[in-house]
Amino acid sequence: MKWIEKYSFYDLYKKNINNGNFPPGTGLKLTIFKFLNEKTIFLAGSKDLNAFYNRPGDCAILFVSKDKGKSYQEITFTEENVTFLTPTEKYTLVETNINGYSSLGKNVIYLLDNITLQFKKIDEYSSNNKISYKQFNGEYVIYSDNNETYVLNILTDEKYKLPNDVVEKNFILNDSDATITFLRENNKVVLYNAKNNLYEISKTLKGSYSTIMNTFGEITLGKENLLKTSGTIYDLNEKKLFEASPKTEKGLYRYKNFASYFKETRPNVIFFYSYNYGKTWYEYKTQNIFTTSVPKGYYKDKYIVLDVSYYDKKNDADIEVGEFQK
Numbered sequence: 172m173k174w175i176e177k178y179s180f181y182d183l184y185k186k187n188i189n190n191g192n193f194p195p196g197t198g199l200k201l202t203i204f205k206f207l208n209e210k211t212i213f214l215a216g217s218k219d220l221n222a223f224y225n226r227p228g229d230c231a232i233l234f235v236s237k238d239k240g241k242s243y244q245e246i247t248f249t250e251e252n253v254t255f256l257t258p259t260e261k262y263t264l265v266e267t268n269i270n271g272y273s274s275l276g277k278n279v280i281y282l283l284d285n286i287t288l289q290f291k292k293i294d295e296y297s298s299n300n301k302i303s304y305k306q307f308n309g310e311y312v313i314y315s316d317n318n319e320t321y322v323l324n325i326l327t328d329e330k331y332k333l334p335n336d337v338v339e340k341n342f343i344l345n346d347s348d349a350t351i352t353f354l355r356e357n358n359k360v361v362l363y364n365a366k367n368n369l370y371e372i373s374k375t376l377k378g379s380y381s382t383i384m385n386t387f388g389e390i391t392l393g394k395e396n397l398l399k400t401s402g403t404i405y406d407l408n409e410k411k412l413f414e415a416s417p418k419t420e421k422g423l424y425r426y427k428n429f430a431s432y433f434k435e436t437r438p439n440v441i442f443f444y445s446y447n448y449g450k451t452w453y454e455y456k457t458q459n460i461f462t463t464s465v466p467k468g469y470y471k472d473k474y475i476v477l478d479v480s481y482y483d484k485k486n487d488a489d490i491e492v493g494e495f496q497k
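Just so we're aligned, residue 172 is where the sequence shown starts under this note's numbering, counting upward by one.
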């Protein structure tokens, strides 16, 4: 592991920190770390307004770096917290929340332009409603409202209801259009065009599988064991890749054959990473830093971005970008 960028929020907030000595990282609660591409990083969560401006409450906050973590721009929303975001090449879908899941709880959906960093509100609704926006691909998104599921064009507001045979199990919204990939009869990979209501069998498999996923940087097939406590993952050519269970996958990031996780053993953080689906592991131990338990941001098998604090107070870095090395 090689640390290629270190960033302190003091650089961004030094003009408005109370008394000039407030450590700004303590007024930020970051829970989302994501890469868009090799250079663009998103950090999101909430900002304590009292800590920064002597005002009560929190605001939802998003930081964007376009230079691989050298500098960040701040974007704020009127709600209290950023709860989810899905970046794509041109646009990022941002979900914020205020008042949690109380009777006054509300979720707001924004569409962020990745070039201009301007955003517009797409929707708002009670956080207790069964509404969700998932699998955003830059134009279309899977929109669910109670028991009905649609492919929604986020730019034009056109939507197409998905039939039950498509949504009864896992399904994948393709990367560039309104086409859905799903399994039929456990052995047929089917493409469904939501705009034209057309089905096409893409591939007939030799084996029988319980699920199809696009979780690990490529489309994969899953086969559960008899007790449904673990499963085996295969590629679309039905080659076995690795075995998985909720226990082994907890805290684990995967991208194709790459896997990584970390353990905090104060005063160190140990990173484990593998290039062969977890059969063998590299190990890297940091010196005199600690981090939070929230999931970190990865870019494929190349980079990681994470929040840090140093025991040595002379080092004021809050965010670091690391490069994995064999």
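No wet-lab data here; the hints were simulated from the structure. The C-beta atom is built at its ideal place from N, Cα and C for all residues, glycine as well. Wrong hints could be hidden among the right ones.
The following label-pair restraints were derived from C-beta to C-beta distances [stated by the list, open to error]:
{"id": "1", "residue 1": "Ser416", "residue 2": "Lys332", "range": "33 to 39 angstroms"}
{"id": "2", "residue 1": "Lys340", "residue 2": "Asp406", "range": "42 to 48 angstroms"}
{"id": "3", "residue 1": "Thr400", "residue 2": "Asn270", "range": "36 to 42 angstroms"}
{"id": "4", "residue 1": "Lys410", "residue 2": "Glu245", "range": "42 to 48 angstroms"}
{"id": "5", "residue 1": "Lys410", "residue 2": "Lys173", "range": "45 to 51 angstroms"}
{"id": "6", "residue 1": "Ile372", "residue 2": "Asn486", "range": "56 to 62 angstroms"}
{"id": "7", "residue 1": "Ser179", "residue 2": "Ser273", "range": "23 to 29 angstroms"}
{"id": "8", "residue 1": "Asp406", "residue 2": "Asp328", "range": "49 to 55 angstroms"}
{"id": "9", "residue 1": "Asn221", "residue 2": "Asn317", "range": "36 to 42 angstroms"}
{"id": "10", "residue 1": "Asn335", "residue 2": "Met384", "range": "41 to 47 angstroms"}
{"id": "11", "residue 1": "Lys173", "residue 2": "Glu339", "range": "43 to 49 angstroms"}
{"id": "12", "residue 1": "Glu245", "residue 2": "Glu310", "range": "47 to 53 angstroms"}
Could you work out which of the previously given hints the structure breaks and list their numbers from low to high? 2, 5, 7, 8, 10 and 12
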